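*Asks:* The primary structure of each chain is shown beneath.
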Amino acid sequence: MTPLLTIVVLVLVAIAIWQMTKIFELSQIRASNSQVASETDNKYNGYLMFAFLIFLYGITIFSFWKYSKVLLPEAASEHGGGYDSLMALSFVIIFIVQTLTQFLLHYFAYKYRGDRERKALFYADNDRLEFIWTIIPVIVLAGLILWGLYAWTNIMDINDEDDPLTIELYAQQFNWTARYAGNDNVLGDANVRMIDIDNANILGLDNADPNAADDIIVKELHLPVGRKVNFKMRSQDVLHSAYMPHFRAQMNCVPGMITQFSFTPTITTAEMRQNPDVVDKVKRINGIRAEKAAQGLDNSDPWEFDYILLCNKICGKSHYNMQMKIIVETEEEYNAWIASQQTFGKSMASAQ
Amino acid sequence: MSVTAHAHVEDHSDDHGHHHKETFVTKYIFSQDHKMISKQYLITGLIMGFIGIMMSLLFRMQLAWPGEAFPIFEAILGKWAPGGVMDADVYLALVTIHGTIMVFFVLTAGLSGTFSNLLIPLQIGARDMASGFLNMVSYWLFFLSSVIMVISLFVEAGPAAAGWTVYPPLSALPMAQPGSGMGMTLWLVAMAIFIASSLLGSLNYIVTVINLRTKGMSMTRLPLTIWAFFVTAIIGVISFPVLLSAALLLIMDRSFGTSFFLSDIFIQGEVLHYQGGSPVLYEHLFWFLGHPEVYIVILPAMGMVSEIMAVNSRKPIFGYRAMIASILAIAFLSTIVWGHHMFISGMNPFLGSVFTFTTLLIAIPSAVKAFNWITTLWKGNLQLNPGMLFSIGMVSTFISGGLTGIILGDSTLDINVHDTYFVVAHFHLVMGISALYGLFAGVYHWFPKMFGKMMNKNLGYVHFWITAVCSYGVFFPMHFVGMAGVPRRYYENTAFPMFDDLTDIQVLMTVFALIAAGAQLIFAFNFIRSIFYGNKAVQNPWKSTSLEWTTPVEHIHGNWPGAIPEVHRWPYDYSKTDDNGEYIIPGQDYVPQTMPLYEGEEELQH
Chain A
1 MTPLLTIVVL VLVAIAIWQM TKIFELSQIR ASNSQVASET DNKYNGYLMF AFLIFLYGIT
61 IFSFWKYSKV LLPEAASEHG GGYDSLMALS FVIIFIVQTL TQFLLHYFAY KYRGDRERKA
121 LFYADNDRLE FIWTIIPVIV LAGLILWGLY AWTNIMDIND EDDPLTIELY AQQFNWTARY
181 AGNDNVLGDA NVRMIDIDNA NILGLDNADP NAADDIIVKE LHLPVGRKVN FKMRSQDVLH
241 SAYMPHFRAQ MNCVPGMITQ FSFTPTITTA EMRQNPDVVD KVKRINGIRA EKAAQGLDNS
301 DPWEFDYILL CNKICGKSHY NMQMKIIVET EEEYNAWIAS QQTFGKSMAS AQ
Chain B
353 MSVTAHAHVE DHSDDHGHHH KETFVTKYIF SQDHKMISKQ YLITGLIMGF IGIMMSLLFR
413 MQLAWPGEAF PIFEAILGKW APGGVMDADV YLALVTIHGT IMVFFVLTAG LSGTFSNLLI
473 PLQIGARDMA SGFLNMVSYW LFFLSSVIMV ISLFVEAGPA AAGWTVYPPL SALPMAQPGS
533 GMGMTLWLVA MAIFIASSLL GSLNYIVTVI NLRTKGMSMT RLPLTIWAFF VTAIIGVISF
593 PVLLSAALLL IMDRSFGTSF FLSDIFIQGE VLHYQGGSPV LYEHLFWFLG HPEVYIVILP
653 AMGMVSEIMA VNSRKPIFGY RAMIASILAI AFLSTIVWGH HMFISGMNPF LGSVFTFTTL
713 LIAIPSAVKA FNWITTLWKG NLQLNPGMLF SIGMVSTFIS GGLTGIILGD STLDINVHDT
773 YFVVAHFHLV MGISALYGLF AGVYHWFPKM FGKMMNKNLG YVHFWITAVC SYGVFFPMHF
833 VGMAGVPRRY YENTAFPMFD DLTDIQVLMT VFALIAAGAQ LIFAFNFIRS IFYGNKAVQN
893 PWKSTSLEWT TPVEHIHGNW PGAIPEVHRW PYDYSKTDDN GEYIIPGQDY VPQTMPLYEG
953 EEELQH
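Same order as they appear, the protein sequences are chains A and B. The C-terminal position of the first sequence is numbered 352 in the working numbering, with every residue numbered one higher than the one before it. The C-terminal position of the second sequence is numbered 958 in the working numbering, with every residue numbered one higher than the one before it.
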């Protein structure tokens, strides 16, 4: 596949150069050419403008037809549904405007292509027209702004109502760690100055803080479905960004400060794996991976869908592979899992 | 004001006939002539552009065929591509320097520097810039900064690699990545010099436009190019110093142990002493320049497109006053929207609301401009010269790219597409490709003025059509990659099986990118060949009304051999007719700005 594509590229470049020299030669014959567009140039470029319009529509349709399937599946969080609707509305507006304006632009370029007989219309101003196309964007944008701000305020309103679960996401080059607040649901104080690698205090928790003793430090994020989660983000070295695309959630992790984001997962991992879009995607990807396996290539193990946390702020060499698995499960499964984890207090005691 | 200014100009015109003999050095190297300086900017910018585009090809190949060995990688990258496989560190360095070079060195200096220098004196009717000496210093500082940036590519540990925004702490801590060592220091030094260059240039442009307009050239008779350059220079003066402060504070954090941007850092097994600083502060300072910067890049392109479109449509630009108003509105709003780059940076979400509001407002003047350009084409007599094609292409990519700004400018929707390929697609179309089209349009259109030769139009057509198809081919599918959740600045996406089915899109985009870059060779060939062997240009090849075409083809110091022409009308009297429907000047569909108004002729727009 790869050598073939390389060859295709080279051939296309060669054709381009060959065409270029040919055209160049042709242009040499008419040495008196003024290099200003002639009637023929206007005609052909006018036609090409129309063809380009068709190309634009074509690539749009092609992309939607071919690539819609790669998009993220339905949102797995409570606010995600509203997010997706607002996104859909914005896209509808964008495509209406795009289709119309590109049509007008290219159609005019085709229709009014230069001609010796044609006389351009001296048309310098029209206040009414300009008012119309000022006021229409104003109204449309006002609607989008209002809806967007309403959604934003709700998403960013991080409070302790509805008994949220408090979890710290801790970023470092190049991995994630999560810390559950434990039975008291309060995270113990922490600072990088208290990090003690030798004694397994990798997040710099304050031993003297009673809230820290029941904290649970893990490398895999388990969330109970239907319960609000308040995330507190920290970073120990450089900027990172906690990106959870399936939940339409993202927040930067900034050294020296605690940032936060909150959402309620609504679909368990097990349910999501049954989602038809996800089933399709997994099948498709496992097809690709089976092909790779047959050729003895890397990254060819069969894949099972999982929610994922990615780093989305450039953070150094292995930025591209800084991830953590997220598992959304039922309350019972979650309780069973959390009960099996060791608390910070216990791991400290055993380390000593 | 104008009385003294004109008196000065008249004085100048008297002594121009017996100025000193130019030596090679004063004519071609340390020239103080704005026309020569503009050529110097253009050629330096194009060379930097060649480097920047080459880099993008390298990392696009890596993205399409991750981990594949290419002999070209080893040939160009040497030790950073052992066995021809690109190293992850150098991948980040390539995207960083690609961004820096394209934004600052090509689209700021190469575009605005070239055409502000060329067109401001010529279109307002001035002998030269207000200060030829500062203008020369400005170019040579730019040149020095380019040289330092290029040198930084060759340092032992590699060039800066923290992304073109160089956010600390990554950029501040040499232990965080190799690129944050000497390479980063040189990056900061180069940028500090670049800012000085840009400020000198901008101040000069502002003073020149205000003071040196010829008699009759009121502000409402200026071509839109001049309005765009003028306003661009103003926002440059307002915002570049803030970047300088960010760069200086970052230099202090890096080299003198201060904590402006750093706090609570534990890296490679030890706690650093930094306390109390905030990376978010850096983000604010950076984007206070960074956002106006994208308008510094696009406004000159918009101005040139307006001018070229009117000339080639043989029609006045539609809504001249609205165009000026929207330039001013865009410039004003551009300084209060920077926070939309920081919705999820950890800053107060209320600020996010404010910046959403101001950001979406900027769509209004942008929409007005787009509609006015389209209406300019309506019922025109379009002369489809290469410059005109690039202008139409610019409007097309500006609309396509600008529309997705509605999504990114909305703090809610930004959450899930922030820092993904959706952003990359958006800004490449709206300011990268659009501004490049503006640059190409300007080069094709004003080449006869710069070099006294015509560029080959057929090569221009081939260049345009390949570029137009390929740039959509690269950046349209890229939106889907972003919507699938692929973060930008990933060396490869193979660590996430969920991105496996995107590989064929990556290959498609890379193939388009390679072809597009090949088409730029056509341009380079045409450009160089036309300088030496191009057809000789006539004085006014595009039958344009503006003043630059009243100067002789051969460059002379002082621009006009005799007195500076006086201006009597706005620059858009194309196809203007009298009451009987006949052209004002029989047999000629344009009226030069120097032509006095006829009796009973109405002067529109003033």
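These are computed hints drawn from the structure, not numbers from a lab. Only a predicted model underlies this, so the values are computations on that prediction, with no experimental measurement involved. Glycine included, every Cβ here is placed at the ideal spot set by N, Cα and C. A portion of the hints provided could be inaccurate.
As the list claims (entries may be wrong) - Listed next, the in silico DSS-like pairs over lysine-lysine satisfying Cα-Cα at most 30 Å (straight line):
hint	chain 1	residue 1	chain 2	residue 2
1	A	Lys119	B	Lys431
2	A	Lys43	B	Lys731
3	A	Lys43	B	Lys888
4	B	Lys379	A	Lys119
Claimed, not checked - Residues from chain B shown here face chain A by an in silico Cβ test under 10 Å; the list is partial:
hint	residue
5	Gly531
6	Glu635
7	Ile669
8	Met807
*Asks:* Each hint should be assessed against the structure and marked as holding or not.
*Replies:* Each hint tested on the structure:
no. : hint                : verdict
1   : A/Lys119 - B/Lys431 : violated, 63 Å
2   : A/Lys43 - B/Lys731  : holds, 16 Å
3   : A/Lys43 - B/Lys888  : holds, 25 Å
4   : B/Lys379 - A/Lys119 : violated, 44 Å
5   : Gly531              : holds, 9 Å
6   : Glu635              : holds, 9 Å
7   : Ile669              : holds, 8 Å
8   : Met807              : holds, 7 Å
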